[in-house]
Amino acid sequence: MAKQRAEHPFRFVSCMELRQILGKRAMDTERLLELMEEVPGDSIYYHTHSYFLRHPSLPGYVMNDFATWALLHIQDRVLAERLAIINPFEFDDIELVRGQFVETLIDHLSRQPMVHRPISGEPFEFVRSHVIESDVGTTVWTLREFREALAGVDVGAVYNHVCESRFRKNRPAGDFALWIGAADGLRLPDLSRQVLTVPLLGLSLEGMRDRIVSLCDVESSRQPSPGG
Numbered sequence: 000m001a002k003q004r005a006e007h008p009f010r011f012v013s014c015m016e017l018r019q020i021l022g023k024r025a026m027d028t029e030r031l032l033e034l035m036e037e038v039p040g041d042s043i044y045y046h047t048h049s050y051f052l053r054h055p056s057l058p059g060y061v062m063n064d065f066a067t068w069a070l071l072h073i074q075d076r077v078l079a080e081r082l083a084i085i086n087p088f089e090f091d092d093i094e095l096v097r098g099q100f101v102e103t104l105i106d107h108l109s110r111q112p113m114v115h116r117p118i119s120g121e122p123f124e125f126v127r128s129h130v131i132e133s134d135v136g137t138t139v140w141t142l143r144e145f146r147e148a149l150a151g152v153d154v155g156a157v158y159n160h161v162c163e164s165r166f167r168k169n170r171p172a173g174d175f176a177l178w179i180g181a182a183d184g185l186r187l188p189d190l191s192r193q194v195l196t197v198p199l200l201g202l203s204l205e206g207m208r209d210r211i212v213s214l215c216d217v218e219s220s221r222q223p224s225p226g227g
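Numbering (numbering that gives the first Met the number 0), first residue to last: 0 to 227.
Worth flagging that the hints you see were computed from the coordinates, not collected in a lab.
Treat the hints with care, since some could be wrong.
Below, a list of computed lysine to aspartate or glutamate pairs in the DMTMM-like style, where the Cα atoms sit at most 20 Å apart [claimed, not checked]:
(1) K23 x D91
(2) K168 x E89
(3) K23 x E33
(4) K168 x E121
(5) K168 x E124
(6) K168 x E218
(7) K23 x E132
(8) K23 x E37
(9) K23 x E94
(10) K168 x E33
(11) K168 x E36
(12) K23 x E121
(13) K23 x E36
(14) K23 x E6
(15) K168 x E132
These numbers were taken from a predicted model, which means no experiment stands behind them.
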């Protein structure tokens, strides 16, 4: 089955961001909350999911721009930790992601009503982004080919097929899991389900890549050898 050829191949497509500054700045946590409630969903996406594209190898727990600002510029470690553990991949809609951050900020402010202004003087700048796709010229038909291509492809392709596909292209399972489990793909439903859960683990993009590659290796090792 590891050598099984798909009816339709998987084509790797990378991406890059074009950023747009919204002109909305927060100098303290109260203003951060106000603006977080009104900016477009694309901006929330940029500061959460797109963080992974800008920091593809960042180790440790889940991070985002909001948590980074709270830690570095407000030096509110408690708030930073509360914001950092919010995993955007646990939600199917960007408005649910926004709601989780808003709820966390409201609760934090109610417990610590003192307004925190940036010690560094650096405001939080809200940004949104537009993604431009770029075909990397890699098409695969088998699990082995997929595994080898994924191990070496540009990290922008990992982001495109894991993040963009789920939240901006209305493919909640993500492109990798869809193709692996599809009737016209590899027809490996168990592996597909495992790949589907990878973004929930709080990994960096490189961590996600490594995990999926490992899952492919395990699946291949389960298959009978030729002539066996």
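Right, here's what the structure says about each hint:
Of the pairs offered as hints, the one joining K23 and D91 is violated, with about 26 Å between alpha carbons and a cut-off of 20 Å exceeded. With a C-alpha separation of about 17 Å, the suggested pairing of K168 with E89 holds against the 20 Å cut-off. With a CA separation close to 10 Å, the supplied pair K23 and E33 stays within the 20 Å bound. Pair hint K168 plus E121 does not hold up; C-alpha atoms about 34 Å apart against a cutoff of 20 Å.
Distance restraint check for K168 and E124: the Cα-Cα separation of roughly 26 Å exceeds the 20 Å cut-off, and the hinted pair is therefore not satisfied. Note on K168 and E218: the hinted pairing is violated, with a Cα-Cα distance of about 28 Å set against a maximum of 20 Å. Among the hinted pairs, K23 with E132 is inconsistent with the structure: their alpha-carbon atoms are about 27 Å apart, more than 20 Å. Simply put, K23 and E37 have alpha-carbon atoms about 10 Å apart, close enough for the 20 Å limit, and the pair holds.
Pair hint K23 plus E94 holds up; C-alpha atoms about 19 Å apart against a cutoff of 20 Å. Pair hint K168 plus E33 does not hold up; C-alpha atoms about 28 Å apart against a cutoff of 20 Å. Simply put, K168 and E36 have alpha-carbon atoms about 23 Å apart, too far for the 20 Å limit, and the pair is violated. Using a Cα cut-off of 20 Å, the hinted pair K23 and E121 holds, with the two alpha carbons roughly 13 Å apart.
This hinted pair checks out: K23 and E36 have alpha carbons roughly 12 Å apart, not beyond 20 Å. Our distance criterion of 20 Å between C-alpha atoms is broken by K23 and E6, whose separation comes to about 48 Å. Only pairs whose Cα atoms come within 20 Å are accepted, and K168 paired with E132 is accepted, the gap being roughly 13 Å.
Comparing the model with each numbered hint stated earlier shows that hints 1, 4, 5, 6, 7, 10, 11 and 14 do not hold.
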